[in-house]
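Here the protein sequences come in this chain order: A and W. Under my numbering, think of the first position of the first sequence as 1, with each following residue one higher. Under my numbering, think of the first position of the second sequence as 1, with each following residue one higher.
Honestly, the hints are just simulated from the structure, not real lab data. C-beta: ideal position from N, C-alpha, C; glycine also. Some clues are possibly wrong.
Anything over 12 Å on all C-beta distances counts as not near chain W; from chain A, calculated [what the hints assert, rightly or not]:
| # | residue |
| --- | --- |
| 1 | Asp-38 |
| 2 | Tyr-104 |
| 3 | Ser-146 |
| 4 | Leu-153 |
| 5 | Glu-156 |
| 6 | Asp-159 |
| 7 | Asp-185 |
| 8 | Gly-188 |
Quick list of in silico lysine to any residue cross-link-like pairs, SDA-like style, CA-CA up to 25 Å [said to hold, decoys possible]:
| # | chain 1 | residue 1 | chain 2 | residue 2 |
| --- | --- | --- | --- | --- |
| 9 | W | Lys-41 | A | Lys-111 |
| 10 | W | Lys-41 | A | Arg-150 |
| 11 | W | Lys-41 | A | Asn-124 |
| 12 | W | Lys-304 | A | Lys-111 |
| 13 | W | Lys-201 | A | Leu-147 |
| 14 | W | Lys-41 | A | Asp-194 |
| 15 | A | Lys-200 | W | Ile-13 |
| 16 | A | Lys-111 | W | Ser-48 |
| 17 | W | Lys-41 | A | Ile-143 |
| 18 | W | Lys-143 | W | Asp-323 |
| 19 | W | Lys-375 | A | Arg-150 |
| 20 | W | Lys-41 | A | Val-74 |
| 21 | A | Lys-200 | W | Ile-311 |
| 22 | A | Lys-111 | W | Asp-323 |
| 23 | W | Lys-375 | W | Val-299 |
| 24 | A | Lys-111 | W | Ile-311 |
| 25 | W | Lys-41 | A | Gly-123 |
| 26 | W | Lys-326 | A | Arg-150 |
| 27 | W | Lys-405 | A | Val-74 |
| 28 | A | Lys-111 | W | Gln-69 |
| 29 | A | Lys-111 | W | Asp-14 |
| 30 | A | Lys-200 | W | Asp-14 |
| 31 | W | Lys-41 | A | Tyr-187 |
| 32 | A | Lys-200 | W | Lys-375 |
Stretch by stretch, here's where chain A covers chain W in the computed footprint (C-beta under 8 Å, at least three residues) [claimed, not checked]:
| # | region |
| --- | --- |
| 33 | 14-25 |
| 34 | 40-52 |
| 35 | 349-360 |
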Amino acid sequence: MSRLLVCPPEYFQIVYEINTWMSVKRTADHHVAQAQWDALMVALEKDCGALLERMQPMPEVPDLVFTANAGVVVERVAILSRFRHPERQREEPYFERWFQEHGYDVHVLPKGLFFEGAGDLLGNGHVWFGGYRQRTDIRAYHIVGSLVGREILPVELVDPRFYHLDTCFCPLPGGELLWFPPAFDRYGQAAIVDRIPESKRIVVPESEAVRFACNAVCIGKHVVVPEGCPGTMERLEGFGYTTHAVSLSEFLKAGGAAKCLTLALD
Amino acid sequence: MAHETVFLHGHVIDSLLLPKVLDTILQFGGTFELADIHIGKTREEPSSVRIVVHAETPERVNQILAELQSHGATIEKEADCQWRPAPADGVFPEEFYATTHLPTEVRLRGRWVPVTGIEMDLGVRLDPGGQHGMTVPMAEVRKGDRIVVGRDGVRVAPLERPAKLDVFGFMESEVSSERPHGHMISDIARRMRSLRDGGGKVLLAGGPAIIHAGGREPLAWLIESGFIHVLFCGNALAAHDMEAHLYGTSLGFDLEGGPTPHHGHEHHLRTINRIRAIGSIEEAVRAGVITTGIMAACVRRQVKVVMAGTIRDDGPLPGVITDSIKAQAAMRAALPGVGLALLVASTLHAVATGNLLPASVATVCVDISPAVPTKLADRGSFQAIGLVMDAASFLRELAYQLGWKE
Chain A
1 MSRLLVCPPE YFQIVYEINT WMSVKRTADH HVAQAQWDAL MVALEKDCGA
51 LLERMQPMPE VPDLVFTANA GVVVERVAIL SRFRHPERQR EEPYFERWFQ
101 EHGYDVHVLP KGLFFEGAGD LLGNGHVWFG GYRQRTDIRA YHIVGSLVGR
151 EILPVELVDP RFYHLDTCFC PLPGGELLWF PPAFDRYGQA AIVDRIPESK
201 RIVVPESEAV RFACNAVCIG KHVVVPEGCP GTMERLEGFG YTTHAVSLSE
251 FLKAGGAAKC LTLALD
Chain W
1 MAHETVFLHG HVIDSLLLPK VLDTILQFGG TFELADIHIG KTREEPSSVR
51 IVVHAETPER VNQILAELQS HGATIEKEAD CQWRPAPADG VFPEEFYATT
101 HLPTEVRLRG RWVPVTGIEM DLGVRLDPGG QHGMTVPMAE VRKGDRIVVG
151 RDGVRVAPLE RPAKLDVFGF MESEVSSERP HGHMISDIAR RMRSLRDGGG
201 KVLLAGGPAI IHAGGREPLA WLIESGFIHV LFCGNALAAH DMEAHLYGTS
251 LGFDLEGGPT PHHGHEHHLR TINRIRAIGS IEEAVRAGVI TTGIMAACVR
301 RQVKVVMAGT IRDDGPLPGV ITDSIKAQAA MRAALPGVGL ALLVASTLHA
351 VATGNLLPAS VATVCVDISP AVPTKLADRG SFQAIGLVMD AASFLRELAY
401 QLGWKE
């Protein structure tokens, strides 16, 4: 059973601007956000069979809801994020405390070495890909790679709309990859193409990439996709996945969707 | 040209990070050199690469480094060079830095300072104020001298290829008797002319085969005409050169092809004895006892001559330095300003001179045996161009190209 870390959106709001999606003039509707988050939880628990670990929401840290950025978890090891923006650095102690209290072996990267957890580091089989330059510092992958004993191929993110790897790149359990190639430079595209055969690559059209089609959560043969991505859902179904569309418009205002709202714990 | 070394570590091959970094250097107008590359043996094992980034100006290098850093390249940690006092006269501290003959810099108080007196197989001594570094031979080190140890804070610059492509543009130690010599000798002649006109010096290190083979006249002419400014040789070259003047023989053989004179083998001994009686070669020339040949030309043109003795020498002639450490020092002292070295027909003097020359000095090794230029290259003088040919033919052709008429 898949365990996911989530955090209720009690204090979620747009109060600063740290990516191109955010505008303090376009605030989130608290009630709608809560309802969308609840619906996502239902889809994950009921439709996909996930086990949810809810952490305590805290005031002053509105993005704590995006638990994908807590860090990266490999078995009982948790490598904590070091956020690039001071606004999100405030979340670090809360995530650290949660991992400590839940018995994880917590690793903290050296100060100043930015690493934004499962937002930027995603595995596809044995190979892991690490997005860098916009948020994570590429040097973090040397340390993370040796801590978890995995090969991490760094890929540069070149489109500011896709500031985390999980906004444009979604590996699926069957070895397939949902991705939006223009978010990478030609070297990153070539490195990805080299490792994932064409028959397993699902290219998301730009109209759906901007609706965060790649920010999907996949558990077994179920995929939860943000609403408004029919083409992507059709392709996924063609690969034998059951898709579930969830409206996440309030979270898109902050530059996040389904995947950003969860962290895989095992 | 400015340069800086960066280090790239991680899964840089399959992620195409290495080609990306190299492309970036080129896009920003720099060039690179892969100094070290270690490729992980398994997918999990990271690779590491040391890259030397070159660009026209330090500003451009910094611009490139700033760009490379966002791709994970770290600037190689720079530290001042380390030194330890020499434990005794003539003894370097353990771990002393052994020089190459390439341009070398040491980092002193955060500044890269060129090491003076570049020569291979020496140590680097810092002045007591720690401001300068200069090479020092093992035998000349004094107890307590500050000698550079380890490799931190020492860097060696690769030779830049000359923009003008003549024979010296290839500096690659290729030794072949099959290569045409004509254009190579033309290039050497051109360089000698430009050195003479520009006040640079040409060094010739030669063996007695020059005399035996018939190279005496063209070499004497080259010296008289101001094309050669420093001569390194042994007892034999000088002795047979003056024997030729006094007896018309070289090692007893008639140079004009006449019959072998009786007791000709004594001629060089009688020559040496005569000069010893006079007191010096200079005095013999001034007194009109020796008026033709290489040594006479050297005295007249005030060419710096260093004669280094060997264990089999007869005599030796006055002026021959029999202490090889002193001879090395005298040869070393004659090198500043030398822009071209011709090593002709002497294994011993060619290798000894090669050891003393910085790689930046254009060097030509001429010998009838390909083993000599090969030996020179094997001992590290990779810049030496090998010409496999008879010494006399070489000197005649060279002198001819510079205007000599027989």
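| message | Checking one constraint from the list: CA of Lys-111(A) to CA of Asp-323(W), max 25 Å. Satisfied? | response | violated, 63 Å
| said: Just to be careful, I want the Cα atoms of Lys-200(A) and Ile-13(W) compared with a cutoff of 25 Å; is the pair within it? | reply: holds, 23 Å
| When you check the alpha-carbon spacing of Lys-200(A) and Lys-375(W), does it fall within 25 Å? | Violated: Lys-200(A) and Lys-375(W) sit about 60 Å apart, past 25 Å.
| query | Taking only the CA atoms, is the gap from Lys-200(A) to Ile-311(W) under or equal to 25 Å? | reply | Not OK: Lys-200(A) and Ile-311(W) at ~79 Å, beyond 25 Å, violated.
| query | Are the Cα atoms of Lys-41(W) and Arg-150(A) separated by 25 Å or less? | reply | holds, 14 Å
| Are the Cα positions of Lys-326(W) and Arg-150(A) separated by 25 Å at most? | violated, 62 Å
| query | Taking 25 Å as the top limit, are the C-alpha atoms of Lys-41(W) and Tyr-187(A) close enough? | reply | The given pair, whose Cα atoms are some 22 Å apart, holds under the 25 Å limit.
| For Gly-188(A), is the shortest beta carbon distance to chain W beyond 12 Å? | violated, 8 Å
| If you draw a straight line from the CA of Lys-405(W) to the CA of Val-74(A), is it 25 Å or shorter? | violated, 87 Å
| message | Given the hinted pair Lys-201(W) and Leu-147(A), is their Cα-Cα distance within 25 Å? | response | Since the Cα atoms of Lys-201(W) and Leu-147(A) sit roughly 61 Å apart, the hinted pair is violated (cutoff 25 Å).
| task | Would you assess whether Asp-38(A), listed as outside the interface, keeps its beta-carbon beyond 12 Å of every beta-carbon in chain W? | result | Its Cβ never comes within 12 Å of chain W, the nearest being 40 Å, so this holds.
| task | Test coverage of the region 14-25 of chain W by chain A using CB-CB distances below 8 Å; three residues minimum. | result | Three-residue rule met by the region 14-25 of chain W, so holds; n is 6.
Of the hints listed earlier, those the structure fails to meet are numbers 3, 4, 5, 7, 8, 9, 12, 13, 19, 21, 22, 23, 24, 26, 27, 29, 32 and 35, in rising order.
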